[in-house]
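**Student:** With the sequences and hints as input, model every part of the structure.
So the protein sequences, as listed, match chains A and B.
Offset between the first sequence (1-based) and this note's numbering: plus 48.
Offset between the second sequence (1-based) and this note's numbering: plus 14.
Everything labelled a hint here was simulated from the structure, so no lab data went into it.
Hints are all accurate, no fakes.
Below are the DSBU-like pairs computed for lysine-lysine, each with C-alpha atoms no more than 35 Å apart in a straight line:
1. B:K337 to A:K186
2. B:K337 to A:K192
3. A:K186 to A:K136
4. A:K251 to A:K136
Here's a subset of chain A near chain B, in silico, CB distances under 10 Å, partners left out:
5. N114
6. G117
7. L119
8. D140
9. L142
10. G151
11. F154
12. T156
13. L160
14. A161
15. A176
16. I178
Taking CB as the label site, the calculated pair distances span:
17. A:K288 to B:E334: 43 to 49 Å
18. A:S105 to B:S37: 32 to 38 Å
19. B:D426 to A:E267: 30 to 36 Å
By construction, the Cβ of each residue, glycine as well, lies at the ideal position given by its N, Cα and C atoms.
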Amino acid sequence: MENIDTNGNGLSHPYNSLIKMRGIWKTYQMGNEQLHALRDVSFDVRRGEYLAIIGPSGSGKSTLMNLIGCLDTPTKGEYWINGEQVAKMTDDELARIRNKEIGFVFQTFNLLARATALHNVELPLIYAGIGSSERHEKAVDALKSVELGDRVTHRPNELSGGQRQRVAIARALVNHPSILLADEPTGALDTHTSAEIMNLFEKLHEEGNTIIVVTHETEVAERAHRIISIRDGEIEKDEKTR
Amino acid sequence: MAFVPSFSIVYESFRLAVGSLRSNKLRTMLTLLGIIVGVTAVIAVVTIINGLDSTVADAFSAQGSTAFSVSKRPLVITSREDFIRFNKRKDVTEQDAEALGRLCDTCWRVGTSINGTGLVKYGENRAENASVRGLSLEMFDIENVSLQAGRLWTDQEGRSGRPLCVVGTDIVDNLFEGRSPYSVIGQEIRIDGIPFTISAVAEPFGKVLGFSRDNFVYVPFEAGQRMFGSRDSIVIHVQVRDSALFETAKDDVRSIMRNRRKKEFSDKDDGFSIDSQDAFIGIYQNATSGIYFATIGVAVISLVVGGIVVMNIMLVSVTERTKEIGLRKAVGAKQSDILLQFMIESVTVTMVGGAIGVFTGYGLAYLLSFVLGFPLLISPSSAFLGVTVSFVVGMISGSYPAWSASRLSPIDAMRNE
Ligand SMILES: Nc1ncnc2c1ncn2[C@@H]1O[C@H](COP(=O)(O)OP(=O)(O)OP(=O)(O)O)[C@@H](O)[C@H]1O
Ligand SMILES: [Mg+2]
Numbered sequence: 049m050e051n052i053d054t055n056g057n058g059l060s061h062p063y064n065s066l067i068k069m070r071g072i073w074k075t076y077q078m079g080n081e082q083l084h085a086l087r088d089v090s091f092d093v094r095r096g097e098y099l100a101i102i103g104p105s106g107s108g109k110s111t112l113m114n115l116i117g118c119l120d121t122p123t124k125g126e127y128w129i130n131g132e133q134v135a136k137m138t139d140d141e142l143a144r145i146r147n148k149e150i151g152f153v154f155q156t157f158n159l160l161a162r163a164t165a166l167h168n169v170e171l172p173l174i175y176a177g178i179g180s181s182e183r184h185e186k187a188v189d190a191l192k193s194v195e196l197g198d199r200v201t202h203r204p205n206e207l208s209g210g211q212r213q214r215v216a217i218a219r220a221l222v223n224h225p226s227i228l229l230a231d232e233p234t235g236a237l238d239t240h241t242s243a244e245i246m247n248l249f250e251k252l253h254e255e256g257n258t259i260i261v262v263t264h265e266t267e268v269a270e271r272a273h274r275i276i277s278i279r280d281g282e283i284e285k286d287e288k289t290r
Numbered sequence: 015m016a017f018v019p020s021f022s023i024v025y026e027s028f029r030l031a032v033g034s035l036r037s038n039k040l041r042t043m044l045t046l047l048g049i050i051v052g053v054t055a056v057i058a059v060v061t062i063i064n065g066l067d068s069t070v071a072d073a074f075s076a077q078g079s080t081a082f083s084v085s086k087r088p089l090v091i092t093s094r095e096d097f098i099r100f101n102k103r104k105d106v107t108e109q110d111a112e113a114l115g116r117l118c119d120t121c122w123r124v125g126t127s128i129n130g131t132g133l134v135k136y137g138e139n140r141a142e143n144a145s146v147r148g149l150s151l152e153m154f155d156i157e158n159v160s161l162q163a164g165r166l167w168t169d170q171e172g173r174s175g176r177p178l179c180v181v182g183t184d185i186v187d188n189l190f191e192g193r194s195p196y197s198v199i200g201q202e203i204r205i206d207g208i209p210f211t212i213s214a215v216a217e218p219f220g221k222v223l224g225f226s227r228d229n230f231v232y233v234p235f236e237a238g239q240r241m242f243g244s245r246d247s248i249v250i251h252v253q254v255r256d257s258a259l260f261e262t263a264k265d266d267v268r269s270i271m272r273n274r275r276k277k278e279f280s281d282k283d284d285g286f287s288i289d290s291q292d293a294f295i296g297i298y299q300n301a302t303s304g305i306y307f308a309t310i311g312v313a314v315i316s317l318v319v320g321g322i323v324v325m326n327i328m329l330v331s332v333t334e335r336t337k338e339i340g341l342r343k344a345v346g347a348k349q350s351d352i353l354l355q356f357m358i359e360s361v362t363v364t365m366v367g368g369a370i371g372v373f374t375g376y377g378l379a380y381l382l383s384f385v386l387g388f389p390l391l392i393s394p395s396s397a398f399l400g401v402t403v404s405f406v407v408g409m410i411s412g413s414y415p416a417w418s419a420s421r422l423s424p425i426d427a428m429r430n431e
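**Tutor:** Here is the structure:
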């Protein structure tokens with residue numbers, strides 16, 4: 049199956065694929081044993097899709113997200129982003145993609161402990177070479193969009209778990225990436241904030257961004273237009289829901 | 015591909031460097047120590063030797079490199095055997111001086127001196143160990159003595175044995191506390207009990223290496239001869255008009271003097287010694303170059319040790335911040351950005367150490383100049399040298415840790431909890 053036509057409208061022509069994975073394996077060598085976190089994973093994501101990845105704990109969801117986000121390299125298989133083969137990119141090109149194309153919300157937030165919320169959000173802009181006043185403005189806007197406009201000078205240990213998660217989301221959004229990767233973005237949020245974040249994602253999707261969300265929660269998964277289920281590192285189900 | 019970091023990345027790196035240095039003060043202090051010691055050594059030695067050079071140059075240029083002396087014994091004697099041997103030589107006499115004045119065409123001025131020390135008293139006030147010299151009038155030109163008050167004795171007065179003297183400012187200070195040079199002219203002082211009238215006060219020569227050169231009484235050569243004549247040989251001083259004639263004049267003097275002593279060509283010893291400042295300058299330069307090299311050795315060792323410490327601390331810092339590095343790479347930091355971050359951190363430590371070292375070095379030089387009494391010559395070039403050296407140490411010792419940090423993969427770095 050070369051092109052997975054999920055909606056039958058013919059838009060899954062290879063050149064329309066933003067993300068194209070073919071025969072991806074991720075294997076960890078644990079002593080004498082081989083642990084396959086991903087087994088022969090293949091799928092495409094078109095520009096503008098809203099995709100949820102679900103599956104039990106340890107099934108390989110984060111592993112897959114790290115590969116999509118160009119943070120990790122597969123043991124086997126090929127990955128194209130925007131028609132370019134990732135394995136052939138230089139370190140600088142990868143850095144540019146991580147900086148400009150991808151916004152990553154990590155499962156464990158990964159904020160700089162010593163830096164303020166504002167500085168954490170500014171980080172991608174620093175590496176984009178954006179000057180300080182514009183940077184400040186954009187970072188404050190991003191924090192406002194996650195309703196943290198009054199917490200800019202707080203450090204991570206002065207924020208609640210949900211607030212930290214929102215700082216992480218603001219950081220992922222601040223550089224206006226075309227792909228938003230969110231690993232359990234609502235895991236630490238109450239239903240109200242969770243709904244706010246989901247509305248924000250929906251808005252971003254309507255603006256034409258591609259969104260991939262890993263989640264346990266059915267309400268979150270149901271907002272997506274397509275759901276991929278993973279079990280034991282294999283794609284079990286890939287279905288369009290809207 | 016040219017790598018031009020944006021200002022924001024440089025600034026961020028610098029901010030990080032300062033933050034990480036401040037967050038671990040004890041470690042930073044220890045890291046700095048090696049660099050501080052090295053740079054302090056360099057700066058202090060360069061500054062001290064500059065100061066010494068200038069005083070020594072000043073002291074000797076009074077005579078210029080146009081004058082030399084002819085005496086029975088050389089100025090520098092290194093062994094007892096030599097001392098005994100030199101003592102067996104014939105005395106240098108006024109007749110020798112007269113002959114040189116007559117026969118040596120390249121000699122411009124020929125003066126004579128007879129030198130000793132004595133107890134100088136004015137009433138109950140005493141100046142001990144004053145240098146007492148009997149000088150012919152030419153000596154005031156050769157040694158560039160100028161007077162701030164009073165007048166020199168005339169040739170006539172000198173020959174007729176009038177007990178006149180020129181005193182240095184230390185004598186005025188010691189014997190006539192608080193009195194002006196003018197007011198002491200005409201006062202009678204006693205040198206080893208013999209009365210002399212002060213006819214002039216010389217301009218001060220100042221100190222060399224902490225020793226005052228103004229504790230002297232000059233008397234007419236004839237008067238000096240009466241005091242010391244029976245005890246010691248005289249010294250003849252020769253000055254040439256142009257330093258280009260210096261060596262020729264020395265050779266002329268040597269052959270005239272050897273002739274007068276009927277020295278065979280084969281006789282190795284002249285029977286007298288010719289000394290000029292070159293001898294002192296040579297000794298001085300030997301001594302200072304020794305100090306120079308010893309300190310450069312100390313500085314290099316402490317900089318190498320300091321550099322190794324910096325490298326170690328940087329490696330620890332990289333290991334501690336693996337997660338942070340991973341995150342930075344995940345949000346778009348390039349290898350070169352991470353490299354730059356840690357290079358800036360390393361160079362910041364060593365430059366701070368270097369800057370402190372420059373100040374402590376100057377402080378040390380200041381203390382020594384104060385104690386030894388030479389001018390403090392702070393040269394910006396030595397500060398520049400100190401800072402440059404610490405910059406280079408920072409670059410070298412930061413490069414491996416920074417390189418290894420830049421090579422971390424974002425995912426491995428972030429998993430490190
Ligand atoms: N660095 C590693 N070394 C060895 N095994 C690993 C490593 N990273 C992940 N794994 C294994 O790979 C499997 C998939 O892990 P992954 O983090 O992708 O799970 P997940 O689907 O995100 O789970 P969860 O929902 O709990 O976050 C797990 O069994 C895990 O133990
Ligand atoms: Mg996970």
